[in-house]
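Number of protein chains: 2
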Amino acid sequence: MIRIAIVGMGLIGTSLGMALRAGTNVSDALGQIQVIGYDVDKANTKEARGRLGIDVVADSLKQALEGTHLVVLAVPAQTMPGLFRELAPLLAEGAVVTDVCSTKAQIAAWADEILPKSNPFVGGHPMAGRDASGPKAATPELFKGSVYCLCPGLTTPPQAIALCEAVVDRIGAKTYFIEPVEHDAYVAGISHMPFVLAAGLVNMTASASSWREMSALAATGFRDTTRLASGDVIMHRDIVMTNRIALDRWLTDTITQLQSFQEAVVKGDEAAITDFFSQAKTARATWLEQKPGMRPGEADYEDTGMDLVQRPSLFGRMGGKKS
Amino acid sequence: MIRIAIVGMGLIGTSLGMALRAGTNVSDALGQIQVIGYDVDKANTKEARGRLGIDVVADSLKQALEGTHLVVLAVPAQTMPGLFRELAPLLAEGAVVTDVCSTKAQIAAWADEILPKSNPFVGGHPMAGRDASGPKAATPELFKGSVYCLCPGLTTPPQAIALCEAVVDRIGAKTYFIEPVEHDAYVAGISHMPFVLAAGLVNMTASASSWREMSALAATGFRDTTRLASGDVIMHRDIVMTNRIALDRWLTDTITQLQSFQEAVVKGDEAAITDFFSQAKTARATWLEQKPGMRPGEADYEDTGMDLVQRPSLFGRMGGKKS
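Which chain is which? The protein sequence lines are S and D, in order. Residue 447 in my numbering sits at position 240 of the first sequence, and the numbers go up by one each step. Residue 305 in my numbering sits at position 98 of the second sequence, and the numbers go up by one each step.
Simulated from the structure, these hints should not be mistaken for laboratory data. Please note: incorrect hints may appear among the correct ones.
Since the list gives no way to pick one copy over another, a pair counts as held whenever it fits inside one copy or between any two copies.
Unchecked claim - In silico lysine-lysine, DSS-like type, Cα no more than 27 angstroms apart, as pairs:
no. : residue 1 : residue 2
1   : Lys253    : Lys343
2   : Lys488    : Lys249
3   : Lys488    : Lys343
4   : Lys249    : Lys343
5   : Lys249    : Lys269
Whole structure, please, built from the sequences with the hints as guidance.
Here you go:
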């Protein structure tokens, strides 16, 4: 039986526990498991336990880590170095450590610096979420059909990678192997800029002197475009703080693009304005076509000719043996 | 019986016809009506008729306007001046003209310049829509509970305003009286900037050299933030072309705000980054609280102390008599 400790029973930690436990007796690569839950806030572990996301509530980090094969850290990005330091002396021999943060390069650097060499670290990032946060918003369906990035290092033992891949498989997600710096550049564009722009749009309109009257006219378009502005503040702050270089580049691109659009507006350049909207409509339609149910399937990342980075069938190639 | 001609059987025109006809025998201020539909594309009137959005299909603009009390123009904004010129000699005596465009000042200026003085113009803007366009996407529920802006001029006869208000009432929307220039400035912020930012985000990410790999990681956050980028290109172009001054101002504000956020990112100014996200989260939560079902009710626009601009109960004050 594989012992899996989840540290941090928020939305992602609790949803992960629920999704893992929902299939506890299935005969996949992971086999039988036991989920140990720990959170500095006892109310969170209580809620997670009530939602069937935990088999055993741990009262301390030490207790959570005793004899544990896999430790999943589900805490904000900037909490990670401190947590690594706490974990380091407590980890069972050979225990694998993974996380669920939205940025990967900085986390990998901290792991490399702080964790014992005998404890492999495999960075993880489930591409799934909700506006609502905390264990009360958790659902075992959160990861179904979604992409789950794994960022092992060049020297990470295959068994450690296989264990994480088995977890991804159990919760119904699709493993997507990617190098950490590349991951951070990509998600800055398709995941972090969206919440920056959503928050920016709310701040800009809500701080206008006419907001009271304007807000009465704001409808579903405003609601949907700004949805991500209701996400967790600490999570967003930590993502930005640990992905500054990639965000800086995308912010420059965004500003340059808006300046060029503004120039077309001021000039009344009808052709440029038409192109701006028709290119976006076409590109989004193409993207949606490739995403059944808005979530990518195998077809999206197989055969991309990027063997070093993307190895979705690595576990399959290893014969699917249990780890 | 009131004869209402709808010119342009796209999403809005067809939905309006369906919503009006769904309650044809109700004893509200509007009473019994007949809906005449016209579109340069016969396939659209056929589709609209099949969806029960039209009583009578008109083969020409002339036929549509014969003995008609109210003409609703549901065409893109830049088509309006040409259409006004075609309408002018054909309008029945005293017939009221309204439109459904997302910008109001330019349309009002064209109406003032082109339409006969004996035909009152009341600009209209239903704050409701869908990504999909055309009559196939039409639904009689589109306007239920939404805000419907009416922009009468200072000399518009009360009966003309009352007729438009009765239409808004019949389709289940709430009338919101507003001055055209003010309308355009407000909707530029809460309605037009959202689709500009949505299209901009798609263009920026989709034109990146790494888009193929990035797109596989884009999930529901990207989908929702960019939803408006799938809207009708001609409609978006015409909105921008007829609302250039207001959009120019909001674009400057957006760029300034992103530059200031970028500065905080480059510096690693954690406090400024936290403020950026917490202010947005709070403002959006407050906005949502005030919007049961994401749509404003009476409470949102009554008692604002802006009698000249906002007169939601004007029709009520007139005793609710049929026009």
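Original post:
Of the hints given before, which are not true for this structure?
Top reply: none
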